[in-house]
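Participant: Work out the full structure, taking the sequences as your base and the hints as a guide.
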Amino acid sequence: MKAGFFDAQQVDIDADAADFVVIGSGAGGGAAARTLARSGARVVVLEEGPLVATAELGRIARTTMAKLFRNQAKQTAFGRATTPILQASCVGGGTLVNSAIVWRIPEAVLAGWHARFGLGDGLTAAALDAAYGKIEEEMSARPVVEGDTAGRQDVHMRIGSERAKIEGRYLHRYERGCRGSGRCFHGCPNEAKQSTTVNYLRRAVEDGAAVYAHATVGRVVVEKGRAVAVTGSVPAAASSGRGRRTFRVAAKRAVIVAASAIQSPNLLRRSGIRRPHLGDHFMATRAPR
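Numbering (the working numbering), first residue to last: 126 to 414.
Quick caveat, the hints were computed from the structure, so don't treat them as lab data.
The calculated label-pair distances, taken between Cβ atoms and stated as ranges, are:
id	residue 1	residue 2	range
1	G129	R369	19 to 25 Å
2	T201	A250	36 to 42 Å
3	G285	G305	20 to 26 Å
4	R241	T201	27 to 33 Å
5	G129	A186	28 to 34 Å
6	G129	A289	48 to 54 Å
7	E287	I185	35 to 41 Å
8	M126	T249	32 to 38 Å
9	E271	G350	52 to 58 Å
10	M126	E292	46 to 52 Å
No farther apart than 16 Å at their CA atoms in a straight line, the calculated lysine to aspartate or glutamate pairs in the EDC-like style are these:
id	residue 1	residue 2
11	K127	D139
12	K377	D144
13	K127	D332
14	K377	D139
15	K127	D144
16	K127	D137
17	K127	E331
18	K377	D141
19	K192	D132
20	K192	E181
21	K127	D141
22	K377	E348
From the three backbone atoms N, C-alpha and C, an ideal C-beta is built for every residue, glycine too.
Facilitator: Here you go:
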């Protein structure tokens, strides 16, 4: 299997070389690809959005949204309220366009998971601390520093919280050499933000992984209770002279679905997978104090 970053509009996807097929290239997919490729497995990462070079990242909102976001940032959830949903659709996923903020799971939240869902044995604080440390080292997670990237408003917030006796601290962000350009939403123009595009996926490619952009997965193929392949399609590119075409990629060992909390259950449902709680409990709320 040839390693590297590829545009599926320009090249064919290797159909039979993968031990693991990873669907999605954001935080979950990038980390999975990094770990599996490092172990020596043959990994194929499939991303529905484009691979955008750093030099092509702009600062105009309408251009950025059309290029980097799903449905050109016009995705909407309909229900009791109509809610716009901004969701990245590009190599790097949300890590390319978020603010690089990273938090450890609060102790109270973890304790709640242990008590309510019985996760104490499989998700211990000690094991998480070891994983946090490794991730923070590799992703260069660090607190915002006064006099560096912290602005005047940040200093005023710190002073205000101290005077009001409210606990507070500067955000931790995964960045290396942030210049304070304020363009996180458009993709970092300096490659300082450690998105999976510049960190985990590059590490995975160095270890032999293949990352394909413009590869939209439609279904996971399940045979005898096991995911054995994925099928999907590649949109036509005007410059390639090729029409829209389909693909099937075999997964000799497993399929990793990391297509976001919204699209992952949609994909699994399209694949004929039925579970009582699949996709039914997504919500956005503030964490308990």
